[in-house]
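Protein chains in written order, with numbering that gives the first Met the number 0: chain A, 0 to 260; chain B, 0 to 277.
Honestly, the hints are just simulated from the structure, not real lab data.
A virtual CB, placed ideally from N, CA and C, is assigned to each residue, including glycine.
Hints may be right or wrong, so weigh each one.
[Said to hold, decoys possible] Label-pair ranges, simulated between beta-carbon atoms:
hint, chain 1, residue 1, chain 2, residue 2, range
1, B, 104, A, 166, 37 to 45 Å
2, A, 191, B, 99, 48 to 56 Å
3, B, 104, A, 170, 49 to 57 Å
4, B, 104, A, 46, 32 to 40 Å
5, B, 126, A, 224, 20 to 28 Å
6, A, 120, B, 193, 55 to 63 Å
7, A, 150, B, 261, 57 to 65 Å
[Said to hold, decoys possible] For lysine to any residue, the following SDA-like pairs were computed, each having C-alpha atoms within a straight-line distance of at most 25 Å:
hint, chain 1, residue 1, chain 2, residue 2
8, A, 40, B, 175
9, A, 40, B, 35
10, B, 181, A, 236
11, A, 40, B, 202
12, B, 181, A, 99
13, B, 181, A, 97
14, A, 40, B, 88
15, A, 13, B, 33
16, B, 181, A, 98
17, A, 40, B, 199
18, A, 13, B, 199
19, A, 13, B, 178
20, A, 40, B, 133
21, A, 13, A, 153
22, A, 40, B, 124
23, B, 181, A, 100
24, A, 13, B, 169
25, A, 13, B, 153
26, A, 117, B, 194
27, B, 35, B, 99
28, A, 40, B, 221
[To be verified] Some chain A residues judged to face chain B by a derived CB distance under 7 Å, without partners named:
hint, residue
29, 38
30, 40
31, 51
32, 222
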Amino acid sequence: MGESDLNFVSGKIKPITVGIVGPESAGKTTLLGAFYLLLGKGTLTDDANLFSNSYTLAGWEAVATYLRWKPGQPPSFPPHTPSGAARAPGMLHLAFRREDGSLRDFLFADAPGEWFQKWAINEQAADAEGARWIARHADVTLLIADRQALAGPKMGTARNDFQLLAQRAVAESRGRRLALVWTKGDVDVAEAMEAQIRKAVASHSSSVPEFVVSVSASGMTDAAEGFREVFDWVLCTKRAGVDLPMTEVIGHDPLFRFGRR
Amino acid sequence: MAAQHTILLVGESNVGKTHYGAQFLKRLMVKSCELKMTGAPTNLEAFTTALSCLTEGRATDHTPANIYTESVWPITDQAGRYAELVWPDYGGEQVRSLVTQRQIPAAWRDRVIEATDWVVLIRLHSLRSEDDLFSRPLQSFAAGEPQGEAAEYELSDQARAVELLQMLLYLAQFNLDRPLVKPRLTILLSCWDELETTEMPADLLSSRLPMLWSFVRSNWVSPNVLGLSALERALSMTDADREYAIRGPEEFGYVVLPNGARSPDITLPIQQLMAART
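Go ahead and model the full structure; you've got the sequences and the hints to work with.
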């Protein structure tokens, strides 16, 4: 789904846009693929949020297909998302029907990691238009910390990159929801490193929710659980609305709600 | 003032559309069901081959991909409600190509817009269930070399079913702001005998195709899910089934009602659609 198709969804009501921000090969597309696989199993959400429709089923299938077993081929990870010249990220759409019967649209932005890396260094970078787009429009930001990179041979660079990116993302989020998602949760990271990463996002607010996800089940925990927790958190996003004052009145006619205090 | 029930019968190839049509017609002819035929059907061409095969106890051939015929059956139910049932027969490949090619032939567009009731046939037994990272985790990721080329993929069976319904809804210009009352949706899980299960039809659908079930449940007010075994047993195309030849095909076949009860009257799914109308 590209920019021009967005009218389909956003013509009705502004959908909730979820930006997934992280460096290259941190697992952004895999995170989306995992969401979709769980949706296909019916375990992503419960009855309070029933899957209703998606304009981008083929797109979801494309990101999830790599995580499936195919004859003679084990699952792999989705290939690198190409950056190309596009100025807006690819969008994946899902709509859920809530218990009160209303529909809620979500858009997940799948953007290449290079955009964010360039954006982290230079906010005005010419080829970071897509990253700026996400920062401007995302109602929810999932900041991805790649545990494998943070424990790998280039951990110093990874830490530095993340700190830059976190700083930028936090500054741009301006109070909108932000969560820290540790991907590749099966990899051990030095505690001091974890602390540094937390510190990088802590300037946002003292309590940034944290999630750990991994596609490989470690020990007793179900691999799906981590993804489900992230998704639940995304689902409970509300756009700041207008709170109408509720007044205690006798009688049911809403016309007489006001002015009878 | 006859209510016209145009059934949009949707099913991919090999789900048993023709067999169901033929058995339905046979039931109407021998008057062993809730619904009664109150006149002569218009055109039985599509079902004559199937009927004669079944009478001998053989399965009928695959309907050619490019064929689409409609047959109009005047029927009444026990309560005296009269309806004209428009029953289609066609090669199931047409349905698959709707989704894969993302193009709707004009003829299909008209059908979808005219249809009052949608009946979707799904043969669970022939659907692939794919393993993925969650159902069968990888032990080590070292082997997972990134693939250079974007691999070919096709939609999973479940996604294809959802996509098909989404396309039909779009075509018929229904919007999903509120759950739909019309068109009424009936899902028939065909070839129920193959599944060898005692589960309720809806439970089975929710466990096998949870995304589809969620889609259906969230977008229709009262979707109906039934099991259908039009033939009751697998028939071969060459060797005749003796018992079929002796007792007649109308003695075989059953539906599994939403409450799990079995009934030999395979016209019940349609009868329920008619009854719900008034």
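Inset, instruction - Please work out if residue 13(A) and residue 33(B) have their alpha carbons no farther apart than 25 Å. - result: This hinted pair is violated, its Cα atoms lying about 50 Å apart.
Legend entry - Satisfaction of hint between residue 169(B) and residue 13(A), Cα-Cα up to 25 Å: 20 Å, holds
Legend entry - Hinted pair residue 181(B) and residue 236(A), Cα distance within 25 Å: 32 Å, violated
Inset, instruction - Below or equal to 25 Å on CA atoms is what counts here, so check residue 13(A) against residue 178(B). - result: 20 Å, holds
Inset, instruction - Report holds or violated for the interface hint on residue 40(A), using the least CB-CB distance to chain B and a cut-off of 7 Å. - result: Given a least distance of 6 Å, the restraint on residue 40(A) holds.
Inset, instruction - Could you tell me whether the CB distance from residue 104(B) to residue 170(A) stays inside 49 to 57 Å? - result: 53 Å, holds
Inset, instruction - Take a look at whether the Cβ-Cβ distance between residue 150(A) and residue 261(B) falls inside 57 to 65 Å. - result: Given about 59 Å between the Cβ atoms, the range holds.
Legend entry - 25 Å Cα cutoff - pair residue 40(A), residue 88(B): 33 Å, violated
Inset, instruction - Quickly compare the C-alpha distance for residue 181(B) and residue 98(A) to 25 Å and report which way the hint goes. - result: 20 Å, holds
Legend entry - Straight-line alpha-carbon gap residue 40(A) to residue 199(B), limit 25 Å: Holds. Residue 40(A) to residue 199(B) sits at ~19 Å (cutoff 25 Å).
Inset, instruction - Measure nothing beyond the straight line between the CA atoms of residue 13(A) and residue 199(B); if it is 25 Å or shorter, mark the hint as holding. - result: 40 Å, violated
Legend entry - 25 Å limit on alpha-carbon distance, applied to hinted pair residue 181(B) and residue 99(A): 20 Å, holds
Hint compliance for this structure: hints 1, 9, 10, 14, 15, 18, 21, 25, 26 and 27 are broken, all remaining hints hold.
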